[in-house]
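Participant: Just so you know, the sequences run in chain order A and B. Here the numbering used here = 1-based position in the first sequence + 25. Here the numbering used here = 1-based position in the second sequence + 13.
Because the hints were derived from the structure by calculation, they are not lab data. For glycine and all other residues, C-beta sits at the position ideal for the given N, C-alpha and C. Treat the hints with caution; some may be incorrect.
Going by beta-carbon spacing under 10 Å, a handful of chain B positions derived as facing chain A [what the hints assert, rightly or not]: (1) Ala62; (2) Val65; (3) Thr91; (4) Leu121.
Stretch by stretch, here's where chain B covers chain A in the computed footprint (C-beta under 8 Å, at least three residues) [stated by the list, open to error]: (5) 70-81; (6) 84-94; (7) 101-114; (8) 192-201.
To spell it out: a stretch of chain B is covered by chain A in this simulated footprint if at least three of its residues, at any positions, have a beta carbon under 8 Å from a beta carbon of chain A; those stretches are [unchecked claim]: (9) 49-59; (10) 66-78; (11) 96-109.
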Amino acid sequence: MQSRARAIQAVLDLVSDQPVIICNGFASREAFKVKDRPENFYMTGSMGMAAAIGLGVALHKPQKKVVVLDGDGNVLMGLGTMATVGALKPKNFIHVVLDNEAYGSGGNQPSYSRVVKLDQVAKAAGYVNVERVREREDLVYEFKDMLGKDGPSLLLVKITEQVEDVPWVPLPPAQIAERFRKAIT
Amino acid sequence: MIESDVFCQALQDIGFDFFTGVPDVLLAGVIETLIERRLYTPAVREDEAVAVAAGAFMAGKVPAVLMANAGVGNSLNTLASLNLLYRQPCLLIIAWRGFDGKDAPEHLVMGRTVTQVLETVRIPHRTLSEQTAPDDFRWVAQTFMKERIPVALLLKSGVVRGIQP
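Chain A extracted, bound-state conformation:
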């Protein structure tokens, strides 16, 4: 198993100009440190809403694959959005769930994802491609595959609870949004 930062690095190394929406907490902070790019949208609050933001982008940029880097706590909080994605079936939507079965930014308290299998929830909701991986080489193989085919796809990546020593994302939120908007035009 790899750390969240290593998994984020693997995904960001495989994308080119695709929009990537990153959930709040350490995921956004680590992504900024690992590989900042204007096509990254760092969500700092609104926990649970990363997939909904990504969906709003995906519905109106059908020619681009839209990637959401999400966490298990976030997915559980916004679980209804899996139904919306499964029903609307945007072909260009890739949902990567970094699952450490814990609230990593709240002190690593256990989450229900150790009991509730979020990949199975996605399957039941109607995601077209669903995979679960542990190792980096499997993450790379499956994510590349999802970049090349119609979704919606969900890639559940089991990760460790390791947290990097990273600051808050230093960009003002309005600047993050404006930069992202221009970059994905």
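Dock chain B against chain A, hints included.
Facilitator: The following block gives chain B in isolation, referenced to the frame of chain A:
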């Protein structure tokens, strides 16, 4: 009374081209018209709807979100920490249930306080009426574009057709 299609056309005329939200019976006529025009994408919660609207705005759309005032409570944190903070405008079309203390009991607290809640987080709002409608729509267009934040239009029962208490 304003016809549903006139209401929808007025919003389209000032640029709105993507509608999402959660239904309320007061909005049934409007939503029916939007579905006929293939402009409406249902959401499962109001916080999801305002987050989808933020994504849509960044992808070049001009979004509006329909909800009852119960949805203001459901979406408040997302409005504060996403739409307001990141300056992602959307029009909130809010069915004002419980206005004047006359409605099912579950609507009374939000019915009494919805405008104060909006003012507390500094979301500009206006209440639509047939007499002031052209002005109301002009205000929406100007405020939305100038401030780049969510703005709210409240709809009481009986102002737009197709809506029954």
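Participant: Take the hints in turn and mark each one as holding or not.
Facilitator: Do the hints match the structure? See the list:
no. : hint    : in the structure
1   : Ala62   : holds, 8 Å
2   : Val65   : holds, 4 Å
3   : Thr91   : holds, 4 Å
4   : Leu121  : violated, 26 Å
5   : 70-81   : holds (count 9)
6   : 84-94   : holds (count 3)
7   : 101-114 : holds (count 6)
8   : 192-201 : holds (count 3)
9   : 49-59   : holds (count 5)
10  : 66-78   : holds (count 10)
11  : 96-109  : holds (count 4)
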